[in-house]
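**Q** One letter stands for each residue in the lines below.
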Amino acid sequence: MTPVVHQLPTAYLLLLPLPFLLFFGLLEALRRWLRRGRARQGERDWSLPALESEPHDSLFSRWDVRCKLLSLLIYAFMIAALQQLSSALLALLISVLALLLARTPLHRALMRFLALGGFMGMFLVVMPFSAPAHPGDTLLVFHGLESFPFNLRGLELAATLLTKGVAIALLSEPLLGSAPLPVTLQGLSRLGVPAMGGQLVLLCHRYSHVFHAEARRLATGMQVRGFRQSTSLPALRAMANFLGMLLVRSFERTERVMDAMRARGYQGRFPETVELKMRPGDLLLSILWLILGIGLLLADRWG
Amino acid sequence: MNAYTGCDDMSEIKQQPRPESPTLFRTEQLGFHYPDGTQALLGIDLAIATGERIALVGPNGSGKTTLVRQLCGLNAPTEGTLYYRGKPLSGAHLNAVRLQIGLLFQDPDDQLFGHTLVDDVAFGPCNQGLASPTARELALQTLQRVGLAHLAYKPPHQLSVGQQKRAALAGLLAMNPEVLILDEPTANLDPRQEELFLELLRDFSGTLVCISHDLIFLYELCRRAVVLEKGRIHHDYSMATLVSQREALREHGLDFSFRFSSVPPPATPTSPQSAAAAAAATAAEKPGPEPSPTPLITLRDYHFRYPDGTHALRGIDLSLAEGGRVAVVGENGAGKSTLISCLLGLNQGEGSYHFAGRQVSRQNRGELWRQMGVVFQECADQLFCPTVFEEVAFGLEQAGVPRPKREERVAQALQQVCLDGFEQRVPLHLSGGERKRLALACALVLAPRMLILDEPSAGLDPRGEELLLEILRGAECTLLLVSQDMYVVGELTTRTLVMHQGTLVEDLSTAAFLAEERLAAVNGLAYSYRQRSSDAIRDLQHVHEHRHKHRHLHEHPHRHGELAHSHLHEHEHDHDHRFLHAHEEGEQRHGHTARLLHDHEHPDHEREPHDHGHTTEREP
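Line order of the protein sequences matches chains A and B. Quick note, the first sequence lines up with residues 961 to 1263 if you use this note's numbering. Quick note, the second sequence lines up with residues 43 to 662 if you use this note's numbering.
Next up, chain A with everything else stripped away, as it sits in the complex (with noise of 0.2 Å):
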């Protein structure tokens, strides 16, 4: 079987970018809107945790998280062996639907969703005319760009490794922002990941903060000192103390903050903030979570 093959005149070439620029259009509108509805609310109420607080208890932040940690992560590598674009999007509305359970702020996964779109959207332009083409394929061929025939096999294979990066982007609201930082990195701990690493994570999290404004600041003073960014000497030199200075402050401040830590009984070891515990409902729910992956993937090869 040969591809098919359909002759289309090149001013059809203009019309392949927009569904793309439209939901990517939709979607930043979406963006300003949930910014500005945030900007409404106001600051919440610091006062009451996470975790126990009435908008974000769901399903996801009581689930152990241990369970949620294994059963999530499994799942996720179950959607990455996904080959059909109609599995896919299957794991795609299951994501949206754990997104809506988990209640995690919106933005934030949108956020996710942007940032992995423009990346992967590049997939969507390249793989239609780089896909080989295979018999059975469906070839469009603009006239005057013959050597550069618009496979939509390609298309599928793109559309369908876009969805499941944005299933799996999706599914990580649930899995990380559904619980505190420091009982996710605790929960990994408990799974033999070691927990030096954790601590690592929690104080490079805190102190990223410190270091971008202490960035900002240090940019902002030569900035206004007439500091404009090229490729000449002075430029470059300039650049180069900039971040010395930041590697020297960096390292500085590290040195007190072991020391802030070992002047409070620091020895080695972070206490752990919360005890987890195990129920028998957190099983069954990771048992059924693996089932539906295992479903996904039957009817993706099978179905």
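Simulated from the structure, these hints should not be mistaken for laboratory data. Errors might be hidden in some of the hints.
To be verified - Now the stretches of chain A that chain B is said to cover, found in silico as 3 or more residues with beta-carbon under 8 Å: (1) 1134 to 1146; (2) 1181 to 1195; (3) 1200 to 1206; (4) 1222 to 1229.
As the list claims (entries may be wrong) - Some but not every residue of chain B turned toward chain A, in silico, with C-beta under 10 Å: (5) Leu172; (6) His199; (7) Gln200; (8) Ser202; (9) Val416; (10) Gly516; (11) Ala517.
What the hints assert, rightly or not - Negatives, chain A to chain B, calculated, CB over 12 Å: (12) Thr962; (13) Trp1006; (14) Pro1009; (15) Leu1045; (16) Ser1046; (17) Leu1052; (18) Leu1070; (19) Gly1077; (20) Phe1110; (21) Leu1151; (22) Met1156; (23) His1169; (24) Ala1173; (25) Val1234; (26) Gly1255.
Just so you know, even glycine gets a beta-carbon here, dropped at the ideal spot from N, CA and C.
With chain A held as given, fit chain B onto it using these hints.
**A** Frame of chain A, contents of chain B only:
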């Protein structure tokens, strides 16, 4: 000879009478040198009793922080021994003691490493062996105590500096420490936060050791003062004695009395605010550049919102004349820093902003930066070069000034800020005051039309503060000053803008603002305890002339019959002299009969005839 103790050897300093409590810390000839060989402490003999409140003072680099690091076991002494409750502070004893000593770091970001406030405060109690739920309960109670219960689950980086300081203190108080050691606790706090902090420390019942340049704060908190200089203990006084002796304070760069210099005679009680008002009146009298008819800066209905929706500036209408000296005051979060970043073009708000008649936009802000200089509150944030010379020359280099001209202007700028000779020094290794002046030199070298200063006096020792004020008084450009320090406002500005919740609520002459107590209270700028302390200190420092019989020590040649000799001896005088002294608490009468032994200038005393009995063992 030491003018106050009658001793010339510091090792003979009379220790203050200690409360009848067991000794907590004791050091014997304690010394410490850093791996590079720098001797930071030498021959420290110090005893601290349980429940004492000690101020550790001295100029930058005198070894205060190094000493407190020894006290809490973060560094081991390289010479001598340190005892805590009679046992050397090392090994298992050290591990146990660390849980009983709380050290508050200068930068709260160093100390708040937890994911949320409650996690951070519970860290210490968990290390003390409390179960996690109990520790968290205790953490919540302590946060309640410091007034931060409503922020218990907030990440530390989202707090203001004042809140961070209180959260860091909560982390220590939750451990119920026997000793609290504080390193510059009031640095970068606004008056309201400072007073809150003071209240918390007053309630602490354990032993307190506090490092600070702020003697007014220390006077309210501590009863004993240990003065360090070049790694040695130079004085060990009562706090009242230290603050009453201006010469000793000046000797160690701690004399803050210049803040009272514009104050009327002591018979009329005055406050720092009235002192600042007097200073403002003086500043207003000083000839300055003639204001230009065209405003340098014009803001009309200016608004700014942060991306999270915070409405930081609301309808600002402002006009600043060229050559003017203007202060912006207000409580933390009033929008002062946001206003600065908008004026610098770093944040773009809504409304109109004109600089020298031109609309400022993102495209032409480079031109704005060529005419504006700025010194940030944390001036270390604007220093990044390996040498002082390169740091000051950076702006000129960016502006394309040729090297010979650049060298000349750098030398001038460094001379202007009293840093000549520092060209090859590393900015990161300079003291706080030197860094601040260096940041100022970086701005002044570009000959800006306008200079913006954010809390210029924050974190400086009195000597550095006085020097900085002197430099700024001579700066010939438009000055916009953001400060919580009413004395600095009074000294440097003639006009004051009061901000509250993102709006400009008042625009007054500085003298009128400082005289307006209601405004200060509304904007969290009232320092009631500072006023109280300052009045008390000024009373202690007063100098007056009077006559009374007193005893003091002399060494001068004299004759006893046939025997002519010289030795230290004690005898009585009855004559007029100026007498700098402290009045004991509750003493109403202005008499000095109780102080029979003190020293003062005796011109030509050596030639006065006198006699005194003396024993042979005292003779040389």
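**Q** How does the coverage statement for the region 1134 to 1146 of chain A fare against chain B, requiring three or more residues with Cβ below 8 Å from a Cβ of that chain?
**A** Holds, because 3 residues of the region 1134 to 1146 of chain A bring their Cβ atoms closer than 8 Å to Cβ atoms of chain B.
**Q** Does the nearest C-beta of chain A fall within a distance shorter than 10 Å of the C-beta of serine 202 of chain B?
**A** 13 Å, violated
**Q** Does the nearest C-beta of chain A fall within a distance shorter than 10 Å of the C-beta of glycine 516 of chain B?
**A** Glycine 516 of chain B check fails; min Cβ-Cβ to chain A is 22 Å, beyond 10 Å.
**Q** Count the residues of the region 1181 to 1195 of chain A whose Cβ falls closer than 8 Å to any Cβ of chain B, and tell me whether that reaches three.
**A** It holds: at least three residues are needed, and the region 1181 to 1195 of chain A offers 9 whose Cβ sits within less than 8 Å of chain B.
**Q** For proline 1009 of chain A, is the shortest CB-to-CB distance to chain B above 12 Å, so the non-interface label stands?
**A** Proline 1009 of chain A is in fact no farther than 12 Å from some Cβ atom of chain B, at 5 Å.
**Q** Using 10 Å as the Cβ threshold, decide whether glutamine 200 of chain B counts as touching chain A.
**A** Holds - the Cβ of glutamine 200 of chain B comes within 10 Å of chain A, reaching about 8 Å at its closest.
**Q** Would you check whether histidine 199 of chain B satisfies its interface hint, that is, whether its CB is within less than 10 Å of any CB in chain A?
**A** 4 Å, holds
**Q** Quick check for students: does the CB of valine 1234 of chain A sit more than 12 Å from each CB in chain B?
**A** Valine 1234 of chain A is in fact no farther than 12 Å from some Cβ atom of chain B, at 7 Å.
**Q** With a cut-off of 8 Å between beta carbons, are at least three residues of the region 1222 to 1229 of chain A near chain B?
**A** holds (count 6)
**Q** Checking hints one by one. Is leucine 172 of chain B an interface residue toward chain A, by the C-beta closer than 10 Å rule?
**A** Holds: closest Cβ of chain A sits about 9 Å from leucine 172 of chain B, inside 10 Å.
**Q** Holds or violated: alanine 517 of chain B as interface residue toward chain A, Cβ cutoff 10 Å?
**A** Nearest chain A Cβ about 17 Å off; hint violated.
**Q** Holds or violated: the region 1200 to 1206 of chain A covered by chain B, criterion of 3 or more residues with Cβ-Cβ distance under 8 Å?
**A** This one holds; 4 residues, not fewer than the three required, reach chain B with a Cβ under 8 Å.
Violated hints, listed in ascending order, are 8, 10, 11, 13, 14, 23, 24 and 25; each of the other numbered hints is respected by the structure.
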